[in-house]
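Peer 1: Each chain is listed here by its residues.
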Amino acid sequence: MLFNSYVFAAFFAVVYTTYLACHRWTRAQNLMLLAASYLFYGWWDWRFLGLIALSTAVDYVAGLKIACAPTEVARRCWLWLSVATNLGILGAFKYLGFFLDSLQPLLGAIGIEGALPSLRLVLPVGISFYTFQSMSYTIDVYRRRGEACRDPFDFALYVAFFPQLVAGPIERSTRLLGQITRPRTLNTPAIEAGVWLVVWGLFKKIVVADNAALLANPVFAAPEAHAGSALLLGALAFTVQIYCDFSGYSDIARGLAKLLGFDLMVNFKLPYFALSPSDFWRRWHVSLSSWLRDYLYISLGGDRHGSWRTYRNLMVTMLLGGLWHGAAWNFVLWGLFHGLLLIAYRPLEERPRLLPDGVAADLARASVMFGLTVVGWVIFRVESFADLGHFAAVFLPAASVPWHGFALLAALWLPVLSIEISQLACDDLLTPLRMPPIGRGVLFGALIAACVGFHTGASTEFIYFQF
Amino acid sequence: MLKRGYTESEAATTPRQLALILVVGALTVCALNALAGRYLERHGTNLAYLHIAHKWRVLGELKRPVDWLLLGDSALAQGVDPALIEAARGKRAVNLGTIGNFGLTDDLWMLEEYIARFGAPEAVALVHGYDQWPRQLDRRLFGRIPRHWIFGGRFARREGLGLGARARFLVDRFVPLHTERESLRRAVELGYWRATSSLTQFDARLARRFVSGEWRFFPSVPVQRADGYVEMCGALPEYVRRQAAGILRGLRDEPAARAISEENERAFGEIVALAERHRFTLHIMSSPLVDEVMRAPAVAERWSAVRARLRELAATSGRVHLVDEVAGFVVGQMQGVDHIDCEVVPSYTRWLAQRLAEAP
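Top line first, the protein sequences correspond to chains A and B. The opening position of the first sequence corresponds to residue 0 in numbering that gives the first Met the number 0, with each subsequent residue numbered one higher. The opening position of the second sequence corresponds to residue 0 in numbering that gives the first Met the number 0, with each subsequent residue numbered one higher.
No wet-lab data here; the hints were simulated from the structure. Check each hint, because a few of them may be wrong.
Okay, the calculated beta carbon distance ranges per label pair [said to hold, decoys possible]:
no. : chain 1 : residue 1 : chain 2 : residue 2 : range
1   : B       : Arg240    : A       : Ala91     : 28 to 36 Å
2   : A       : Ala9      : B       : Arg240    : 42 to 50 Å
3   : A       : Gly357    : B       : Leu169    : 56 to 64 Å
4   : B       : Arg37     : A       : Arg433    : 31 to 39 Å
5   : A       : Phe405    : B       : Arg224    : 35 to 43 Å
Rough simulated footprint, nothing fancy, chain B against chain A, three-plus residues with beta-carbon under 8 Å [as the list claims (entries may be wrong)]:
no. : stretch
6   : 178-190
7   : 429-438
We treat Cβ as the ideally placed atom computed from N, Cα and C, and that holds for glycine.
Please put together the full structure from these sequences, using the hints given.
Peer 2: Following this line, the structure appears as structure tokens:
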């Protein structure tokens with residue numbers, strides 16, 4: 000069930016009506032949301048409901064046991080049980096086939112042929128998201144940063160809350176569980192913000208991302224058939240596509256949650272205006288980057304043990320962050336690329352006075368970072384290393400410049416850029432809601448009309464569903 | 000400045016303001032939808048929808064009766080110029096050719112509406128390609144007819160339509176922003192090309208795309224006239240050759256199940272009944288064809304089977320005149336295997352008028 004489908008619109012209409020009807024009973028609302036979330040997830044493939052239930056059950060029990068364990072050893076055992084179960088599920092479904100396939104040539108090189116089977120398991124939608132979310136709960140309980148949840152249904156809703164179940168934001172128990180257990184109030188500003196986020200997210204996905212995909216897909220499908228500016232167009236189109244696709248999904252998720260009285264974390268903070276790699280990761284997929292920072296980078300020692308250990312920790316975090324996105328070597332390479340960028344920029348960031356200040360300098364730094372981000376997306380998107388090699392031809396002159404493709408991409412990007420500049424100028428991601436009410440109404444209406452009139456046809460999946 | 004962009008603060012909106020925002024938003028969607036519909040009605044890029052809307056508009060705006068009523072498919076729509084008929088024969092005619100996938104069904108409805116307003120014409124011509132007679136009616140097109148009776152219970156009972164189909168007609172009719180989004184995209188693209196290129200370049204590019212089959216599109220902007228004729232210029236010989244080859248291959252591989260589809264037989268029966276009741280002559284003839292296809296034995300065989308079945312169906316009527324002959328043109332005069340370039344419209348119009356005038 001995709002957010003950008005009529006089935007979901009009908010589903011949410013029923014859920015919301017029922018939810019509002021139960022506004023006096025938080026418990027009933029939670030049970031209804033839990034049932035709706037399982038229906039939402041089971042719509043893709045009901046067989047995977049067992050996995051999410053297993054993950055939920057293990058972490059629920061582990062959380063309680065950690066909280067009341069008499070010794071540190073027992074606490075640690077329960078934590079490891081939770082981590083091992085979650086990573087075991089993730090590893091089996093997402094990475095096992097990849098590692099077996101990668102090991103095969105190595106074994107072949109030392110004369111062991113056909114020792115490993117080739118596995119092709121169906122990847123459950125959103126498994127990386129809910130696994131990380133569920134795992135963060137037990138880690139937080141272990142670190143005594145959060146309390147264990149006593150109610151199994153509330154905890155199950157925390158893991159399966161449908162607006163953010165399949166593609167985040169990856170919430171923390173310290174934020175979301177409290178909102179689940181407490182009575183929620185709906186107020187007009189939150190409802191308006193919710194409507195805005197849903198409409199804006201749908202616009203970014205349906206109008207911008209899906210149409211940009213029409214420019215990017217042919218180039219990435221056969222990069223060897225393109226050169227020069229055509230490759231550049233494909234790379235830029237994918238840069239626009241992936242941002243509008245994923246941030247669009249996050250906005251819709253946050254908007255739906257706001258309509259239900261929940262406040263999910265901001266997942267994108269104008270990432271293409273980032274000045275440096277670390278700034279980029281403070282703005283892009285914030286819920287994942289902060290998860291990796293809090294549960295991996297800091298656990299490895301963070302920046303507490305000198306430069307080289309810091310660099311190592313950064314690299315390990317980024318490599319694993321890359322691998323989180325998918326079981327393929329290009330994601331690992333993408334992680335490596337961003338790890339190297341973080342390391343290369345680090346000396347500069349430690350001495351900010353060396354950097355020139357002012358708007359012009361910031362623009363220059365943002366432009367450089369944007370260029371590096373585009374390179375990163377090419378690594379992320381290519382289907383093979385040979386295809387990546389073909390992208391080197393971006394520096395060769397093309398037979399003709401695809402001006403019309405660039406014009407279309409600019410037309411798609413312009414509305415997003417305009418809104419983002421206003422958000423940046425006002426230092427408020429909800430800036431459009433500062434317009435007079437009639438202006439807001441016209442803006443909402445125009446965005447909805449654009450979604451209706453310029454969608455590309457059948458509902459297309461969000462890119463991040465595959466992760 | 001670029002260091003900002005991290006915060007989020009909700010506006011202090013009151014319930015009344017939120018209601019105003021939602022109402023204005025809904026009105027904006029409705030207004031843009033209406034504007035899109037208005038624009039696409041005349042400038043849309045879906046030729047089928049344009050033909051249907053145009054011909055029903057022509058019928059609705061007809062002020063006085065005509066002598067000859069021309070009904071049929073898109074080949075007729077762009078193939079016969081009523082002004083030339085009037086100049087040559089002194090007969091007032093109107094061209095109501097729509098599209099082949101409607102078969103004879105909308106011919107019947109147009110004829111019924113015409114007779115209800117003006118009485119019977121002197122003659123009615125049904126012009127359809129040999130391959131359209133066996134086609135199943137595409138019921139999704141009903142929603143494109145700009146008449147309110149398509150939503151009524153009587154029409155639904157007559158056509159055996161369920162509630163879902165009728166709801167779909169409502170969307171088709173009243174939400175062009177959704178149902179004609181492809182046309183809208185093309186229209187925007189068209190606007191872009193007009194703004195950035197000369198029309199010649201634009202036409203050449205469209206023609207190239209048309210030929211490459213990337214998307215079906217006409218090589219020049221069609222001119223819709225008040226007498227129903229749609230002027231479409233620019234031969235596409237390369238495309239015609241490819242289309243003809245495909246058709247001939249299809250004829251070899253897929254034998255026709257029946258000469259005339261059930262829906263077309265039913266509509267034909269009702270049209271013949273109207274001819275009897277209102278005493279007009281019903282001429283049946285084929286759309287023009289490119290020579291290569293026209294001369295193919297399989298095509299002659301199918302057209303012959305259609306005529307034989309029509310003779311059976313109209314056996315008791317003396318008002319049906321079947322024209323056996325098919326007008327053929329060379330590839331350089333065509334836009335499709337049965338769609339002629341505007342250059343040869345005078346010659347096909349003369350041919351058709353001659354057949355109508357010669358009828359017993």
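Peer 1: Against each hint, give a clear statement of whether it holds in the structure.
Peer 2: Here is how each hint holds up against the structure:
1. Arg240(B) to Ala91(A): 28 to 36 Å: Between Arg240(B) and Ala91(A), where Cβ atoms are some 57 Å apart, the hint is violated.
2. Ala9(A) to Arg240(B): 42 to 50 Å: 48 Å, holds
3. Gly357(A) to Leu169(B): 56 to 64 Å: The hinted range 56 to 64 Å holds for Gly357(A) and Leu169(B), with Cβ atoms some 58 Å apart.
4. Arg37(B) to Arg433(A): 31 to 39 Å: 33 Å, holds
5. Phe405(A) to Arg224(B): 35 to 43 Å: 39 Å, holds
6. 178-190: holds (count 4)
7. 429-438: holds (count 5)
Hint compliance for this structure: hint 1 is the single one not met.
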